[in-house]
Every structure is written in structure tokens, then in C-alpha cells.
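Construct the complete structure from the given sequences, taking the supplied hints into account.
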Amino acid sequence: MAIRKCFRFFLILLFIININLIHCLTPIRLGVAIPWSGKNWDAGPRFASGISIAVEKINADPTLLPGYNISFIWKDSQCDEKRTLGVIADMLKDDQFPVNALIGPACSDGCRSGSYLADNWNVPMISYGCAASFFSVPQKFPNFARTVGVYSKSGHIFVNLMKTYKWTRIAILTPSSGIWSSIMNGVRNDIEAEDGLQVPFFQNFNKDSVSDSFLKRQLEDAKEQAHIFLLGGYKATILKVMKQAKKIGLLRPGYAFISYELLIDKCVLPNKTEAEDCELLEGMLDISLFVPQNEAYQKFANLVRKKMAEEPFNRFMAPEEPVEIYAAMLHDAALLYAHALNKTLNMNGSILDGRLIINNTLNYTFEGASGTVVIDHVGDRASALVVKNVHNGRYQRTANFFVTEKRLQVLNNTVVWPGKTTTIPLGRPECDFDNQLCPPTEPWVYVVAGVLTFIILLLGVIFFIVHHRRKLFEQALMSQTWRVKFSDIQFNQKHHQGRMNHAGSICFTKQQQQQMNNNQNGGVNTVSAMMPLLQNHSHGSQQSIESIVHETQVFTRIGLFQGNYVAIKQLFKSSVQLTRELLVELKEVSELQHQNVNSFIGACVDSPNICILTQYCNKGSLQDVLFNDDLKLDWMFQVSIASDIARGMQYIHNGASIGVHGRLKSTNCVIDSRWTCKITDIGLFKFKDGQAVDEEVGIDHEYDALLWTAPEHLDNIKEERSKEGDVYSYGIILQEIITRGSPYSMYENLSAKEILDRVKKCSNPRFRPVVPEDYGHPEYHDLMSQCWEEAPTSRPRFDEIMKALKKLNGGKNINIVDNMIKMMEKYTDHLEELVAERTKQLEDEKAKTDELLYRMLPRTVAEQLKHGEAVSAETFDMVTIFFSDIVGFTKLAAESTPMQVVDLLNDLYTCFDQIVDQHHVYKVETIGDAYMVVSGLPERNGNRHAGEIARMSLDLLSATTTFVVRHKKEYRIQLRIGIHSGSCVAGVVGLKMPRYCLFGDTVNYASRMESSGLALRIHVSPECHEVLTELGGYHLIERGPVSMKGKGTIVTYFLAGYDGFDKTLPDLQFAAGLEEHSFK
1 MAIRKCFRFF LILLFIININ LIHCLTPIRL GVAIPWSGKN WDAGPRFASG
51 ISIAVEKINA DPTLLPGYNI SFIWKDSQCD EKRTLGVIAD MLKDDQFPVN
101 ALIGPACSDG CRSGSYLADN WNVPMISYGC AASFFSVPQK FPNFARTVGV
151 YSKSGHIFVN LMKTYKWTRI AILTPSSGIW SSIMNGVRND IEAEDGLQVP
201 FFQNFNKDSV SDSFLKRQLE DAKEQAHIFL LGGYKATILK VMKQAKKIGL
251 LRPGYAFISY ELLIDKCVLP NKTEAEDCEL LEGMLDISLF VPQNEAYQKF
301 ANLVRKKMAE EPFNRFMAPE EPVEIYAAML HDAALLYAHA LNKTLNMNGS
351 ILDGRLIINN TLNYTFEGAS GTVVIDHVGD RASALVVKNV HNGRYQRTAN
401 FFVTEKRLQV LNNTVVWPGK TTTIPLGRPE CDFDNQLCPP TEPWVYVVAG
451 VLTFIILLLG VIFFIVHHRR KLFEQALMSQ TWRVKFSDIQ FNQKHHQGRM
501 NHAGSICFTK QQQQQMNNNQ NGGVNTVSAM MPLLQNHSHG SQQSIESIVH
551 ETQVFTRIGL FQGNYVAIKQ LFKSSVQLTR ELLVELKEVS ELQHQNVNSF
601 IGACVDSPNI CILTQYCNKG SLQDVLFNDD LKLDWMFQVS IASDIARGMQ
651 YIHNGASIGV HGRLKSTNCV IDSRWTCKIT DIGLFKFKDG QAVDEEVGID
701 HEYDALLWTA PEHLDNIKEE RSKEGDVYSY GIILQEIITR GSPYSMYENL
751 SAKEILDRVK KCSNPRFRPV VPEDYGHPEY HDLMSQCWEE APTSRPRFDE
801 IMKALKKLNG GKNINIVDNM IKMMEKYTDH LEELVAERTK QLEDEKAKTD
851 ELLYRMLPRT VAEQLKHGEA VSAETFDMVT IFFSDIVGFT KLAAESTPMQ
901 VVDLLNDLYT CFDQIVDQHH VYKVETIGDA YMVVSGLPER NGNRHAGEIA
951 RMSLDLLSAT TTFVVRHKKE YRIQLRIGIH SGSCVAGVVG LKMPRYCLFG
1001 DTVNYASRME SSGLALRIHV SPECHEVLTE LGGYHLIERG PVSMKGKGTI
1051 VTYFLAGYDG FDKTLPDLQF AAGLEEHSFK
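Residue numbers (UniProt numbering): 1 to 1080.
Treat the hints with care, as some may be off.
DSSO-like, lysine-lysine: derived pairs with alpha carbons at most 27 Å apart [as the list claims (entries may be wrong)]: (1) K307 x K39; (2) K803 x K223; (3) K39 x K299; (4) K163 x K39; (5) K240 x K807; (6) K840 x K723; (7) K207 x K240; (8) K163 x K420; (9) K388 x K272.
Worth flagging that the hints you see were computed from the coordinates, not collected in a lab.
Here you go:
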């Protein structure tokens, strides 16, 4: 009993001592990012406890970090870039318990952004899963190391697989995101570098927005070129592709599918949906990290399962549940940090110096759970890969691949392929894709033999021709056919004395040319003093060149050489040494022949007049055209220009010995008279080298000229040129075309230098031009973005660019001239029909115009105006004028809204106009509620004018009995009419909106007759009464004497009807009282 008490006391004492010791140790806190959940890669529950094992091992080792105690916190990164960035930021900015190091993340989607944060905080980051190739640059990621290899170096595993299984072709489908695009481009380059192996089909797609129909279409295209498919992307993306592969019958013998890092853990005991997905993956080959198969690793895996059930993960793992190799990678990442920190502390370094800690991981080797861990000079692990076969929901190891040795170790395990067959796919149709492997029928055997004999003879001839052409090449090299004497170039005297534009394309108008001529004797700069281009030139064609300069726009320096106009580019050099290298360069340029490449005419090397001659394109550069607001560039024109440039660059990259442009920009793309875009300023790098500096253009011009340069070339502008750099420059030109602005024109507040600095930083997100989405087609935007990708290998080739542009045009070839010719041919075929149709349309429009004109002016007057005849004022001896208004209109208007008043007058006068058209009268005008009509002009009608007005007046008065006011249906119009006959003058007044107006006392008299009349009555003057009496048949009632302003007292009459008039007139008992009248 006493012994037991003593033992218990000893244990308590030991525990207290241990607690005190821990409190005396300096704490180190690790922040671990684990993909525990999410749709991309949720493998964390099968490897997370690897960190627990590593921390316990470090703390238990007295030689490793003595005096320190390691602990960790973990967060779920979900293998999502945004989520990962938030997790890392949270762990770094924790003021109370900040982390000393970051372990993870596991996915490349979040590594780049996270490493920038780690660099900012100077905290070391050691990833156990980020396999993107762009991390292999310590200068850009000084705080980053990893315990996994780089998948972009895995291309040779496919080279070995293809050779092992005797495949010659493989098709690649991959998401366009940075990691997968980078991996697959690296794989493609490695495969295509091997003789006899090719990637005939390579397709990027957006994994988030790609449609099933698109994937189906791409797979159908791919199977026509290859039967082996390499798929990039996470499991969700792979399943999406495989579903479409099943629909078109590719999951059958003869085909093979290969992927990276598939997760098939749910295929062990799947539900119905999971079982369907697992069935799609049956027979696939999967590339993943090498998993040791020794006893030590099995013990480690069992320990992982055990530790998963403990804090902080609390997740039970069944004994048969597989442990991900990333448990070992996670374990080794923590161990690598401990070794590097131990080395740093021994160097008297600080635990807070993340960059020094990471630097101590380089070129370091130790034994870890995943085997021997060798970290190379850039922080990458030299690891091995394994090829696994998916069969019955489980992995079966097929081969091991050792990256450093580029060696494939094939294991003796049976591989089950799609369709559950063990027969290795041929990788092609039985007769091959072009049927060349099918044996010919008997009669053709002799033909084949003959062809082979012919080929052998042909090869002999070719050998002879090649040898002969080499001799001719040397002769042509020395003949210098490109050489031009400066004295053979004819210049315009005045234009020649102006300063040559060497900085880019400009447009000389006539006024600018004159100003340049006036200033021809100005100051001399260091360059122009060295280039006296006025020596010994001919004036023979001065007249013709002057006509070019003064009658058209001039976009560059021009001259006349051998009867053709040429553009002249001055080189600021005092002399040229014609070495063999320079002669080859000049010969290569002179042999360039393509419709979209500007022809090289020759070069002058006579000191001091050193210059280059090219074909003159009179529309100027592409930049000149884009900046010309007078030109309307529609979508077809823009795509045509883009296609011309791409076609020319495709020729330079694939069909020309030069192979690269190096200075592609909008000022080096010129437009000829047929609106064809041509690329100029090609090659001659050595010839142009060594020019004097032009001090006048300034440093800003140099920065402006670099806006098209790819970021990887900005640090070494003179030496670095690449096809990928040309593609980047093309992407900037696409922005110029669609926005009709200069590069990065949307960043108005940034100078060119500031823009270049941001581009060189390679920040995330990348700094590129921003083009509104409503500019052009979405696929145009996608192409533009692909061209200026950060990673050069992610940019498309010009072959692929041409396909994309052709697809933009509905699969048709794009050429603006061809399109115009087709339109003209189509127009010619239907010319007669088109002319007839247009003529009829013209006549219809003319009729409409005439009708409108006739409503504004009398027909006779309108015809005079149409024929250009002057319309003079005319006196009419006798006409009858009608005036009317509405009694009580002022009160009615006050009780109505303006819109109701407008509707009332519109309805009333529409009714009146229909009645007016039935009589030989002319409506003069309406003013408010007043309505004025005349008869007897401009066409005289004897004395019928009074009768026409009288009959019209009765019809108008009758129409008021049925007229209904829309907003006051009970209201009755109280129309008051006055008519008078007499002489007047009529004519067109004014030039703008001309009106046919009446003048004279008769107009005033008629107006007084209306204003002194009564509601619902037609007030007739004595003069009009005489005419009506003379006509006869009109019923007139004497009103009696009426006092009238300017006329005194006169006897007037009311018109009550005429013989045969049977229409209803308003009941006079409803007429407005005198108090409602307004008499004038």
C-alpha cells in the first residue's frame, strides 16, 4: 500500500515537472491548410493526422529544436483559391497567436496568392501538394518550398508510356486555369519533342462554364485524330468529360483515358450516384505521387488512421480505408521546416526570418515518411510518380516512374482498359487514321512497288537538288540582289528636306507638310547631322512624288524606286559591316513572300545614307486607321484585320526561316490600298543593331514602344525574342482593334513606365488591359486573354489563333476583299430586281414626301417649289374666308389637363380635316381653337368659292352634333363660324418652315365676322350674302344691324342651309348664352 502511494506521488511530481518544462520552452506555432471539404479535392480526412505525427516526433527529438515546443492549428482550405487566401490571411494576422510558419496548402489554386502573403509577412511556407511549375522560381517566391515534385516535369512519363504501349498519338483536353494549362502545355512540349510522337489535338476549356455539348463536340473531333486521351482537371471535371465520352461510345475497347490524382475512395462502398460515377472511371490510368510499399510506410499509415480519431481531427478511419500519400508529404513538410529552422538557429538566425529558413531547405536531404526527401536548389522535391489502373473501384499499381532518371518501371500487373478488356489499345483505328495500314488489293501491289521506286529516285533527285540549291544559296548570298544605291531613289525636294519619321507612323496632311517645309532650315540634332539624305539624289520624278505628297495623306517617308513607291526607314548608323551573318539575315528577309507580310524591297548600305526600303502602303499603319475617327470599322472589318495579322504571323512562325518577329505592334502593321493588313519591320536584328540614340524622342517614347512587350522579355529587351512573346504582342493588338485605342488606353492616369512596372511584377490578378464585355464577341475576349497569359507556354499558337478567328466567323475564311467581292457578285445577280425594288421604294417615299408637302402647302405652290421656281405673292380679286372658334373654350381648357386639351383639339380637327377634303377649299392654319379655311385660291374657281365655304360650314356645324369630347362625354361643342368674301394677297413667307399666308382686309373682316357671331350659327357678311344670293339656293336669315370694329354698323346674316341639305344641325336652344361669348 505504501509503495503504491509512493509511486502515485512520483507520477504526480513527474507531471508537474513536465508541465514546468513545457512552460519554459519557447513556443512555435504552425498554421496548417488542409482541404477537408469542398467540391474540388476533399482528401483531408484521409491524411490530415500526418501533421500530428510530425509534431510529436519533432517535440520528442532532443536534438531537433531543443528548447522549443511545436504546436499547430489547422483550417479547411477546401482546395479553393479564395477560401485558401482567407485561411492563410486569418492565420497570419492573428494578433494573439500568430503562426511562425505555414504548412500547405495542398492545391496550386491557392498557393500562388498564399505565397505572396507569406512573403509579405516574411513567414516560411512549405507546401505538401502544390505542383505548379511557376513556383520553381525562388526569386519570385523566396518564402516557398515544397515536398512534392512538379507535374509539369511529368511529360516524359507519357513519352515512356506511349513507347511502351506503341502509341504515336495522344489528345489532350484540359481546363484553361493556370495549373492545369501549365502542366498540359509542358506535357505536350515533351511529347512533341520526341520523334514519331505527336499531340494532334489540344483543347482548353473553362471548367466552370463549359457546356456538355462543347465537351461532346471536342471529344468527337479528338477521336478523329487520336484514341488515347489525357484529361486535365480535378475529379469533378474528369467526370464531366467522361460522361460525354460514354454518350458518344468512347468507353469501349480501343480507347484509353489518363488523368492526374483521381480520388476514388468513395468507390469502395458507393451509393447509387457514386456507383455510376465510378463506372465511368473504370479502366482509366491515373498518374499520382509515388507511394512507398515498405513496412515503415505501412506502420506510418496505421498510425495516421489511429491519430485521425484523436484531437484535433476526431475522425474515425476504418482499417481498410486508404491513407493518402499526402499524409506522408504533410508529415515531411513539417519535418523539413524543423530541420531548416534548426539549421537557421545554429547559424544564429532568427525564427522570424522566413526567407533564411526557406533558403536552408534548399539542397537538403533527410529521411521522411514518404522515403528519402531530396529538396533541390529551387525548393522542389525530386520525387517519383506512379501509374495506377482503376479497376472495380480500387487502384492497382501498374508502373513506377522515376522523374530524375526519366525511367518507367512497368510492373507485372494486368491492366484493365475501358470496356473491361485486358487488350492494350492500339491508339489508332485498325487501318490507322489515313487507312495506310490496310493491305491493298492485289493489283495495287505493283503500283505501290512502282511508287516506292519512284520515291527512291525522287529522294536521289531531292538530294541532288538540295546540294545544288546550297551552292545557289551561297552564290545568291554573295550576289546581294537586295542592295540599293541611294542615288537610284527619287525624292520630292521639299518633302525630302523634312525630318524622317523613325519613331512610328504619322500622317502628313497638306498643312503639316507646308509647315514642315517652312521649318526645313531649323536646328540640327545629333542624328540628323549624321544623316545628310540630300546628297546626290535624282529629281527626275519630282512632279509625280509631289502629287502623292500634296494630294493624299503620307504616313511615312516615301520615294520612287524603279517606278514604284517605297517606304524608307532611316537607320541612324554611320556604317555597316556586311558579315556573313548579316548577309544571311538580309537574304532571309528578301525571300519573305506572303499576302500579309509587307514586301522587303531592299537596303542601302552606302554611308552615310543607310536605310531600309519596303513596299509603301498608302492607308498607313493599323494605329493610323484605328485613330481615324472618320473611318467606321464594323465587326467584320475588325475580325478581318485581326485575321490578316494572325495569318502573317503564322507564316513568319511556321513558314519563314526567321521564325519570330520580336517587334510586333500596331505601328508595325500597315494597310494597303485593298485594305489588307500586312506585317512590316521584320527581322534584320543585326542590321538594325548599333544605331545612335535619338535624343529628341525622349525616354517616354522608349517606354511607349515597350507596351506590346511580353513580361518575360521586359528585363532583357534587346536579346530576348520568342514566338510566345509575339503572341502576347498580338493580344495587345487585339485590345487596340476592339477598343480603337492605344495599348492600356483605359488606364489614363498611368504613365507607360508605371504600366510596364506593373506588368513586370507578375501580380495576381495579372495587370492587363480591361476591355468592356459589350465590346465584340465573348470568344474574342477569351482569345485576347489567352494571348496575354502570364506563363508563355499557356499562350496559344498562331495556328490555334487562326482556328479561333475562323470559328468567330462561323467557320468561314475571313478576308474583307473576298467578302466585298461576294457581296458584289450577289448584288449583280439580283441587280434588276434590286433596282426595281429600290425604285418602287423611292417612288413610295417620294409619294409620302409629296403628300406631306401638299398638306403643308397648296399643291400648285408645292409643285412650283419642287421645280425650283420662285413663288411670288399673288392678288386674288375674290375669295371667301372661313374662321371658326369654340365658345367657352377658355373655361373648358381651365377644367382640363393640357393632354386632354390636346386630345380634344386633335380629335375635332381630324374630324374637320376629313370634311374639308370633300370641298374645293384650302385649309390655311389652326391656332388654338381657331380654324381658318379659304376657297378661291390658289386655284381660282369663279364665284363658287362662297358656295364651297358655305356648304363646308354647314357640314362642320352638323358634325358637332355627333362629336364627343373624350374626357367630358356630356359636353357639346359650341362652334361659332364667320365667313366673308373679298379680295386678298397670298404668298409663301419665310425660308425655314415656309407657310402659305393670306394678307389683306378681307382676312380681318372674316375674323371679325367670327368673333361677333353666335354659338352654333354661321355668321355671313353682306358681301358674301351677295355672292350666295347670286349662286342661289342658300337659306339666309337676316340678323340685322351689327356694330363691328373698323366697319361701323352693318347688316349681317345667318346661314341656315341650302336646297337639298338634309343633315342635322345643332338645336339652338342648347346654344351658349351671351354671357359665355367673347365678342371682339
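Hey, K307 versus K39, does the alpha-carbon distance stay inside 27 Å?
Holds: K307 and K39 sit about 25 Å apart, inside 27 Å.
Proposed proximity, K420 with K163 (alpha carbon, max 27 Å)
Roughly 23 Å separates the two Cα atoms, so the pair holds.
Proposed proximity, K223 with K803 (alpha carbon, max 27 Å)
The given pair, whose Cα atoms are some 18 Å apart, holds under the 27 Å limit.
Does the structure keep K388 and K272 at a Cα separation of 27 Å or less?
Between K388 and K272 the Cα gap is close to 24 Å, so the pair holds against 27 Å.
Going straight from one Cα to the other, do K207 and K240 come out at no more than 27 Å?
holds (9 Å)
Given the hinted pair K240 and K807, is their alpha-carbon gap at most 27 Å?
Distance of about 24 Å is within 27 Å: holds.
Keeping to a limit of 27 Å between CA atoms, is the pair of K163 and K39 held or broken?
Outside the cut-off at roughly 35 Å; violated.
Is it true that the CA of K39 sits at most 27 Å from the CA of K299?
violated (31 Å)
Agreement of K840 and K723 with the hint, judged by alpha carbon distance not exceeding 27 Å:
At roughly 57 Å apart (the allowed maximum being 27 Å), K723 and K840 break the hint.
Going through the hint list in order, the structure does not satisfy hints 3, 4, 6.
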